[in-house]
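Residue numbers (the numbering used here), protein chains in the order written: chain A, 8 to 381; chain B, 8 to 381.
Rather than coming from a laboratory, the hints here were simulated on the basis of the structure. Please note that the accuracy of each hint is not assured.
If several chains are the same, the list does not tell them apart, and a pair holds so long as it fits within one copy or across any two.
As the list claims (entries may be wrong) - Think about it this way: if two alpha-carbon atoms lie no more than 20 Å apart in a straight line, the pair counts; the simulated SDA-like pairs of lysine to any residue are:
| hint | residue 1 | residue 2 |
| --- | --- | --- |
| 1 | Lys350 | Phe10 |
| 2 | Lys350 | Asn9 |
| 3 | Lys318 | Met8 |
| 4 | Lys318 | Phe10 |
| 5 | Lys179 | Ala378 |
There are 2 protein chains.
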Amino acid sequence: MNFPTVGVIGAGQLARMMVPPAIDLGINLSLFAASSEDSGAQIASHIVGDYKDAHALLEWAKSCDVVTFEHEQVPRGVITALEAAGVSVYPSSHAFEFSQDKLAMRGKISELGLPNPAWEIYDGATPTLTFPLMAKTSTGGYDGRGVFVIADENELKELHVRIGAPLLLEEKLNFDYELAIMVARSPHGQAATWAPTLTVQRDGICIQTITPIPEISDALATDAISTALAIAQGIDLVGVMAVELFVVDGKLIINELALRPHNSGHWSIEGSRTSQFEQHLRAVLNLPLGDTSLTAPFAVMGNVIGIETDKDGDLYRPYRHLMARNPGLKIHQYKKELRPGRKVGHVTALGSELLELRTEVDHAVAYLSGAIDE
Amino acid sequence: MNFPTVGVIGAGQLARMMVPPAIDLGINLSLFAASSEDSGAQIASHIVGDYKDAHALLEWAKSCDVVTFEHEQVPRGVITALEAAGVSVYPSSHAFEFSQDKLAMRGKISELGLPNPAWEIYDGATPTLTFPLMAKTSTGGYDGRGVFVIADENELKELHVRIGAPLLLEEKLNFDYELAIMVARSPHGQAATWAPTLTVQRDGICIQTITPIPEISDALATDAISTALAIAQGIDLVGVMAVELFVVDGKLIINELALRPHNSGHWSIEGSRTSQFEQHLRAVLNLPLGDTSLTAPFAVMGNVIGIETDKDGDLYRPYRHLMARNPGLKIHQYKKELRPGRKVGHVTALGSELLELRTEVDHAVAYLSGAIDE
Numbered sequence: 008m009n010f011p012t013v014g015v016i017g018a019g020q021l022a023r024m025m026v027p028p029a030i031d032l033g034i035n036l037s038l039f040a041a042s043s044e045d046s047g048a049q050i051a052s053h054i055v056g057d058y059k060d061a062h063a064l065l066e067w068a069k070s071c072d073v074v075t076f077e078h079e080q081v082p083r084g085v086i087t088a089l090e091a092a093g094v095s096v097y098p099s100s101h102a103f104e105f106s107q108d109k110l111a112m113r114g115k116i117s118e119l120g121l122p123n124p125a126w127e128i129y130d131g132a133t134p135t136l137t138f139p140l141m142a143k144t145s146t147g148g149y150d151g152r153g154v155f156v157i158a159d160e161n162e163l164k165e166l167h168v169r170i171g172a173p174l175l176l177e178e179k180l181n182f183d184y185e186l187a188i189m190v191a192r193s194p195h196g197q198a199a200t201w202a203p204t205l206t207v208q209r210d211g212i213c214i215q216t217i218t219p220i221p222e223i224s225d226a227l228a229t230d231a232i233s234t235a236l237a238i239a240q241g242i243d244l245v246g247v248m249a250v251e252l253f254v255v256d257g258k259l260i261i262n263e264l265a266l267r268p269h270n271s272g273h274w275s276i277e278g279s280r281t282s283q284f285e286q287h288l289r290a291v292l293n294l295p296l297g298d299t300s301l302t303a304p305f306a307v308m309g310n311v312i313g314i315e316t317d318k319d320g321d322l323y324r325p326y327r328h329l330m331a332r333n334p335g336l337k338i339h340q341y342k343k344e345l346r347p348g349r350k351v352g353h354v355t356a357l358g359s360e361l362l363e364l365r366t367e368v369d370h371a372v373a374y375l376s377g378a379i380d381e
Numbered sequence: 008m009n010f011p012t013v014g015v016i017g018a019g020q021l022a023r024m025m026v027p028p029a030i031d032l033g034i035n036l037s038l039f040a041a042s043s044e045d046s047g048a049q050i051a052s053h054i055v056g057d058y059k060d061a062h063a064l065l066e067w068a069k070s071c072d073v074v075t076f077e078h079e080q081v082p083r084g085v086i087t088a089l090e091a092a093g094v095s096v097y098p099s100s101h102a103f104e105f106s107q108d109k110l111a112m113r114g115k116i117s118e119l120g121l122p123n124p125a126w127e128i129y130d131g132a133t134p135t136l137t138f139p140l141m142a143k144t145s146t147g148g149y150d151g152r153g154v155f156v157i158a159d160e161n162e163l164k165e166l167h168v169r170i171g172a173p174l175l176l177e178e179k180l181n182f183d184y185e186l187a188i189m190v191a192r193s194p195h196g197q198a199a200t201w202a203p204t205l206t207v208q209r210d211g212i213c214i215q216t217i218t219p220i221p222e223i224s225d226a227l228a229t230d231a232i233s234t235a236l237a238i239a240q241g242i243d244l245v246g247v248m249a250v251e252l253f254v255v256d257g258k259l260i261i262n263e264l265a266l267r268p269h270n271s272g273h274w275s276i277e278g279s280r281t282s283q284f285e286q287h288l289r290a291v292l293n294l295p296l297g298d299t300s301l302t303a304p305f306a307v308m309g310n311v312i313g314i315e316t317d318k319d320g321d322l323y324r325p326y327r328h329l330m331a332r333n334p335g336l337k338i339h340q341y342k343k344e345l346r347p348g349r350k351v352g353h354v355t356a357l358g359s360e361l362l363e364l365r366t367e368v369d370h371a372v373a374y375l376s377g378a379i380d381e
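If we strip away everything but chain A, and leave its shape as in the complex, we get (with noise of 0.2 Å):
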């Protein structure tokens, strides 16, 4: 049979989530995964190894047709070895720089053309930013992680030091609300988004999305589809992406880009004919890209994020009450331990009658990470 393998470094929930399409549609996968008890790994082939370690990642690229992410932790300098060992590897590593790097990011979105917020470089010397500022390390940061708002000079200095590398600097903007839009292109070219979706956060994290955007104008929506298929182009994604906006007196700023399936397209799965998690693996593999319409008037997905709590963690035995509640409820378990802060699933509700649909999937995930019991 001459079905392809589609390699992917990483074998966390966002590789997980790509087996069933891929099942679907016969692909076969292998994952390089960290640990036999990864997500990913639970459920599908894969070899445990040293993401870093190029040598390895070669020997195993060779059992693939193309070799793809699920996160942005891999060294530049392994993916371009892979490359000049002639892998196919997508987002190349010309794109995938500007998922890793944001000094590198903010650059490129200048160079588009394209809204950044006012940005500087720091490495020490008086910045031209007012106070207070937001001051972000250029790589190894998601989730609010390597992002902090910063009050003063002596604030900053503290830590450049403390990181010890050149820090982008932005203003600190006072957003109406963030959005998220996600995007899938193919070698050959072709590109589709999906619809924006509203980023509800709390500490910096996405708690809850809302697909499509309720009350967004046509024109803001169509600005936030074009901004997307422009950077698309602009890096020559292969794969799918997701760019975070904020939106600022009616008018959107680029906060930042995923080069990857995203929390932020979740909904997809049931939401549009066409997941992320399927695009992904047409758009790698040179295939023509699905329809991203819409399956329901409205997605709302929550995030299943662990907190403290003296429950017992299980995350089954709430299927019970959830399911009798809601029967259209689709729970997604990433089989990772509940621990305090971590993403161990999601939920999606479909329909027309948004504030039920929130509601209903607020109590899900309460639910679930032991925030409630009832």
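Dock chain B against chain A, hints included.
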């Protein structure tokens, strides 16, 4: 973690299609496969063994919280041996008998006061039914196998000698059309059906399904639903079951029962909020059943069945053309070699324009099977 393990006897495409919802819900699956090359065994945890070997099944069942089936071939004695050893087997041997033994099924349907065709047991004596009539082997038949149209008593005697067992005789019905309805029931007694499905047959094999049935009267749809629920309760079903029905002069006559996920429910993977495969897992685990409402006005499913062809049987190459032509088409690949008469996959299209959906599905299955090349 307290997630249960569902053991599935059999590892064909039905077991394969249980895997994605099991991954979503975090439920562990263990397949009892005939070979590691089986459709489901290729992508799921499994052991290889002989399903007629009660000892081997018992050993394997120790690692499962509940055991279910994906085919009817398991000898009844093996199932009762599992039950006697305290294994939770769903459906139970009492219910499963009506899937395995057509004579027992006819007797039960009569006992329940539900509409059978005229029928009798044939063991050599001249039948009371008039010729031509249908003769069926009591066990082992599916997809038109084990079903014969008999012109006269000589033919019947010959068949009886050849089969060497009592035959089920049924009147030959002049039916308007055939439909199927899927029903699920849990040990708790909760039951749910999906919308009745029109099954389009060719040479005794279903080639396409349409859900819901176009222009079906509310009364007939309700009757189909009531019939399925009555059978499910009457045989103490646990799991999902297909009830295949004839429509004769606008009235329902029960044709067959299959106590497992079934080809006529494949549309539910995308066409319903809860697929038959997720529902089967929920039912055998005694979890509350999911919402069976439709996600689109119509779901059309087409079986990809091998034909005599000089094509190379590559089932991946057609993806490029099919996905470009119809971005909304959902392709399901069983990873079986293409052979004449063999089901190797299916496709589903959702939408409101039934004629267009049927044309697209017809085209896709013809293109995948090699019957057409454009």
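Status of each hint after checking the structure:
With identical chains, the CA atoms of lysine 350 and phenylalanine 10 are at most 20 Å apart between copies only, with a shortest distance of 18 Å across copies and 33 Å within one. In this assembly of identical chains, the alpha carbons of lysine 350 and asparagine 9 lie at most 20 Å apart only when taken from different copies (18 Å versus 37 Å within one copy). Proximity of lysine 318 and methionine 8 under a CA criterion of 20 Å is satisfied inter-copy only: 13 Å between copies versus 49 Å inside one chain copy. Taking the shortest alpha-carbon separations for lysine 318 and phenylalanine 10, only the inter-copy value of 16 Å comes in at or below 20 Å, while the best intra-copy value is 45 Å.
For the homomeric pair lysine 179 and alanine 378, neither the shortest alpha-carbon distance inside one copy (32 Å) nor that between copies (62 Å) is at most 20 Å.
Going down the numbered hints, you'll see the structure goes against just number 5.
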